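**Student:** The UniProt record's numbering applies: residue 1 is where the sequence shown begins, and numbers increase by one.
Careful, some of the hints might be misleading.
What the hints assert, rightly or not - Quick list of the computed label-pair ranges, beta carbon to beta carbon:
hint, residue 1, residue 2, range
1, 37, 15, 28 to 34 Å
2, 61, 7, 26 to 32 Å
3, 20, 45, 31 to 37 Å
Quick caveat, the hints were computed from the structure, so don't treat them as lab data.
In this text the structure is predicted, and so the values were computed from the model without any measurement.
Ideal Cβ placement from N, Cα and C applies to all residues, glycine included.
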Amino acid sequence: LDGNSGDLRLIKTYLELCLPTCRLDFLMSSANHSSTFDDIDIMVTQLIDEIEAHIERYGLKPQRISFVGHSLGNLVVRAT
């Protein structure tokens, strides 16, 4: 419940180093940072909204979206 969007920075760095030829785009989600006591459905909606905004903002056309989560964040990802 005390996590933040920077908790998985090291994983992001490892993925970038291990997969240098892959085109990767990372969204270190912060949509639920201050709402960890909200209903899980609310957090799912906030995450989806943040992902959609990120895709639109950067003009991305993802073929696939993969998630890496930890603790409560992983529960939100699994419920998405």
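**Student:** I'd like to know which numbered hints this structure contradicts. Please list them from smallest to largest.
**Tutor:** Going through the list in order, the structure violates no hint and respects every one.
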